[in-house]
Amino acid sequence: MRNKEVAEKFYELAEVAELAGENPFKVKAYLEAARVIENLTIPIEDLAKEDKLDGIKGVGKSIAEKIKEYLETGKITKLEELKKVVPEGLLELEKVKGLGAKRVKILYEKLGIKNLEDLEKAAKEHKIRDLEGFGEKTEQKILEGIKSLRDKRTDRFLIGIALPIAESIVNLLSKNTPIEKHMICGSLRRMKDTIGDIDILVTSKNPSFVMDYFVQIPFVKEVLAKGDTKSSIITQEGIQVDLRVVENDSFGAAIQYFTGSKNHNVRLREIAIKKNLKLNEYGVFRLDDNAIIAGVKETDVYEALDLDWIPPEMREDTGEIELAMQHKLPTIVDYKDIKGDLHMHTKYSDGANTIEEMARKAISLGYEYIVVTEHAKALGVAHGLSIEEFKKEKEEINRLNRKFYPFKIFLGVELNILSDGSIDFDEKDLDIFDLCLAGIHTGMNQSESAITERIKKVLQIPKVKIIVHPTGRIINGRSEYSVNIDEIFREAKKYNKIFEINASFERLDLSDVNARKAVYEYGLKIAIGTDAHSTESMNNMRFGVGVARRAWLRKEDIINTKSLKEFEEFLREV
DNA sequence: GCCGTTTTCGGCCCGACTGTTTTCAGTCG
Numbered sequence: 000m001r002n003k004e005v006a007e008k009f010y011e012l013a014e015v016a017e018l019a020g021e022n023p024f025k026v027k028a029y030l031e032a033a034r035v036i037e038n039l040t041i042p043i044e045d046l047a048k049e050d051k052l053d054g055i056k057g058v059g060k061s062i063a064e065k066i067k068e069y070l071e072t073g074k075i076t077k078l079e080e081l082k083k084v085v086p087e088g089l090l091e092l093e094k095v096k097g098l099g100a101k102r103v104k105i106l107y108e109k110l111g112i113k114n115l116e117d118l119e120k121a122a123k124e125h126k127i128r129d130l131e132g133f134g135e136k137t138e139q140k141i142l143e144g145i146k147s148l149r150d151k152r153t154d155r156f157l158i159g160i161a162l163p164i165a166e167s168i169v170n171l172l173s174k175n176t177p178i179e180k181h182m183i184c185g186s187l188r189r190m191k192d193t194i195g196d197i198d199i200l201v202t203s204k205n206p207s208f209v210m211d212y213f214v215q216i217p218f219v220k221e222v223l224a225k226g227d228t229k230s231s232i233i234t235q236e237g238i239q240v241d242l243r244v245v246e247n248d249s250f251g252a253a254i255q256y257f258t259g260s261k262n263h264n265v266r267l268r269e270i271a272i273k274k275n276l277k278l279n280e281y282g283v284f285r286l287d288d289n290a291i292i293a294g295v296k297e298t299d300v301y302e303a304l305d306l307d308w309i310p311p312e313m314r315e316d317t318g319e320i321e322l323a324m325q326h327k328l329p330t331i332v333d334y335k336d337i338k339g340d341l342h343m344h345t346k347y348s349d350g351a352n353t354i355e356e357m358a359r360k361a362i363s364l365g366y367e368y369i370v371v372t373e374h375a376k377a378l379g380v381a382h383g384l385s386i387e388e389f390k391k392e393k394e395e396i397n398r399l400n401r402k403f404y405p406f407k408i409f410l411g412v413e414l415n416i417l418s419d420g421s422i423d424f425d426e427k428d429l430d431i432f433d434l435c436l437a438g439i440h441t442g443m444n445q446s447e448s449a450i451t452e453r454i455k456k457v458l459q460i461p462k463v464k465i466i467v468h469p470t471g472r473i474i475n476g477r478s479e480y481s482v483n484i485d486e487i488f489r490e491a492k493k494y495n496k497i498f499e500i501n502a503s504f505e506r507l508d509l510s511d512v513n514a515r516k517a518v519y520e521y522g523l524k525i526a527i528g529t530d531a532h533s534t535e536s537m538n539n540m541r542f543g544v545g546v547a548r549r550a551w552l553r554k555e556d557i558i559n560t561k562s563l564k565e566f567e568e569f570l571r572e573v
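First residue of the first sequence? That's 0 in numbering that gives the first Met the number 0, and the numbers climb one at a time after it.
Hints should not be assumed to be uniformly reliable.
To be verified - Lysine to any residue pairs mimicking SDA-like chemistry, simulated, CA-CA at most 20 Å apart:
#, residue 1, residue 2
1, LYS338, LEU417
2, LYS126, ASN114
3, LYS225, ASN289
4, LYS94, PRO163
5, LYS456, LEU410
6, LYS94, LYS120
7, LYS82, GLU14
8, LYS51, GLU80
9, LYS554, PRO310
10, LYS376, LEU417
Stated by the list, open to error - Computed beta-carbon distance windows for the label pairs:
#, residue 1, residue 2, range
11, PHE569, HIS326, 27 to 37 Å
12, ILE291, HIS326, 41 to 51 Å
13, GLY54, ARG401, 32 to 42 Å
Since the hints were derived computationally from the structure, they do not count as laboratory data.
Beta carbons: idealized from backbone N, C-alpha and C, even for Gly.
Input sequences plus hints: build the corresponding full structure.
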């Protein structure tokens, strides 16, 4: 699967082409192609082989040729030629806030500025202020921009860090200020695995009171801006939070606008134009007489465009708009559809709580069952259990099941996929388990073919049902190990295996793109497990469901939406 | 360079903000 790689090339092509002064619409076409390829669930090399590249929306004859050329030779002639005219360093100059392609080009042509160092020197020597279109303030801003670029942490924030902060701010506002409606928008509402900043929208009859309160809440580290309708702060954690107060009549249009994604919104506005309408953050307007026809409710905004309302998690312009147009959107899984948690650890291995505490927590979450899945013996660092120890755990589970009836605890295990593709126990010993998970915890630096073969080997073990955290990524920490995920999925379908969406917010593995591929391209089923090591982290289920919703998964695609009775039937088939 | 339930040619999202300007270009989200 080389989609990501090809997409990167076209992002680069777009950047370089823009700096070279190519037709802006051509640049837009490259960007659009890159984005579509990135979100494709089918390997692009397969499409190339079958000569179906120009069937991709946004890919025409010319871009199809470039894709083919890249796949065959590793190069795009057009890109190589442009690079001869555009120095490498110009790309980083665009990252300075306030500088876009146009200004970078002027700086290069008039002052010969080729990189950050040149830029800083020129600004300090006051050479920039005399250029046409530039001035003293711009020069100052450029220096500030260079500084913040160098200071800036490049990581985005994990959703599991950002969402609780956003929620506590909303709570404080609700309690202490006269706000009426409120909504956390942006990538948080879309449940992206990482977020850049927090967007909160509220309505209020007394905006200035709300703003005065907002900029002085305890965890504010810095106030970036304070106005009547918009204020921005930086929290102690370093996350930027924007609070906007909007009119009640525009609330629906505003949350639509600020939820994004950008690409989704651009498409909506294009659709509006074709219907002789205009869409902005204030509402949907008729172009003829500027009359407002929607704005209070978000559903009305979509309806005004003849679209079904689209769940925020799906708003990435990867086909959801077309389906909404035809009224064929899938009914995606709901947060309350989850009936059990399939992956957790207790004090028996490296968890912080007892089985009983985990069970009580599960009951408080409204679950009908849990599967307790300690590490198996090969994972020494995590107190992996022997078969004898699992037998003991089983006795305690039996006792607790009598106590908590009809709620049920199952005995599972998280097996290790060892470096030769074997697992911790003999297959005959696995019969004591209700459910066997298996995952890679060691030997992640092996080659793609080695890791792929390891997993394929484990797929053949009848008793192993679920592959957990299948790509091994830790967000902002460790990238995926190299594995041919298409080959794994194809093989898994033969044996009816299931893949986990690990709901721990550092992992979220499978990712949205991979989960969608597993279900929609390979017809596989998904399990969502929190991998909780404490009662507290069982709350992370919502992040896993968020990924499932971003992957367009339906209730029936996810096995832990089954009722206890259905789940027991499922286990008997295992 | 792509695309077509008005189009195979002539379009290609919207508004706010900033700084440089006397009416607007560039940038951002």
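Pair hint outcome, LYS225 versus ASN289 [Cα-Cα no greater than 20 Å]
Distance ~31 Å between LYS225 and ASN289 Cα, so the pair is violated.
Regarding the pair LYS94 and PRO163, is the alpha-carbon distance no greater than 20 Å?
Status violated; Cα separation ~30 Å.
LYS376 paired with LEU417 [C-alpha distance capped at 20 Å]
Judged against 20 Å, a Cα distance of about 11 Å means the pair holds.
Proposed proximity, LEU417 with LYS338 (alpha carbon, max 20 Å):
violated (31 Å)
For LYS456 and LEU410, compute the direct alpha-carbon distance and say whether it is at most 20 Å.
violated (24 Å)
Under the criterion that the straight-line Cα-Cα distance not exceed 20 Å, is the pair LYS94, LYS120 satisfied?
With Cα atoms ~17 Å apart, LYS94 and LYS120 stay inside 20 Å; holds.
Is it true that PHE569 and HIS326 lie within 27 to 37 Å of each other by Cβ?
holds (32 Å)
Hint consistency between LYS126 and ASN114 [alpha-carbon to alpha-carbon, up to 20 Å]
With a Cα-Cα distance of about 15 Å, the restraint between LYS126 and ASN114 holds, given a limit of 20 Å.
So the hint says 32 to 42 Å: do the beta-carbon atoms of GLY54 and ARG401 match that?
violated (59 Å)
Quick one, are LYS554 and PRO310 close enough, alpha carbons at most 20 Å?
Holds: LYS554 and PRO310 sit about 15 Å apart, inside 20 Å.
Hey, LYS51 versus GLU80, does the alpha-carbon distance stay inside 20 Å?
Answer violated: LYS51 to GLU80 is near 27 Å, above 20 Å.
Take the C-beta atom of ILE291 and the C-beta atom of HIS326, compute their distance, and say whether it sits inside 41 to 51 Å.
With Cβ atoms ~25 Å apart, the hint is violated.
Going through the hint list in order, the structure does not satisfy hints 1, 3, 4, 5, 8, 12, 13.
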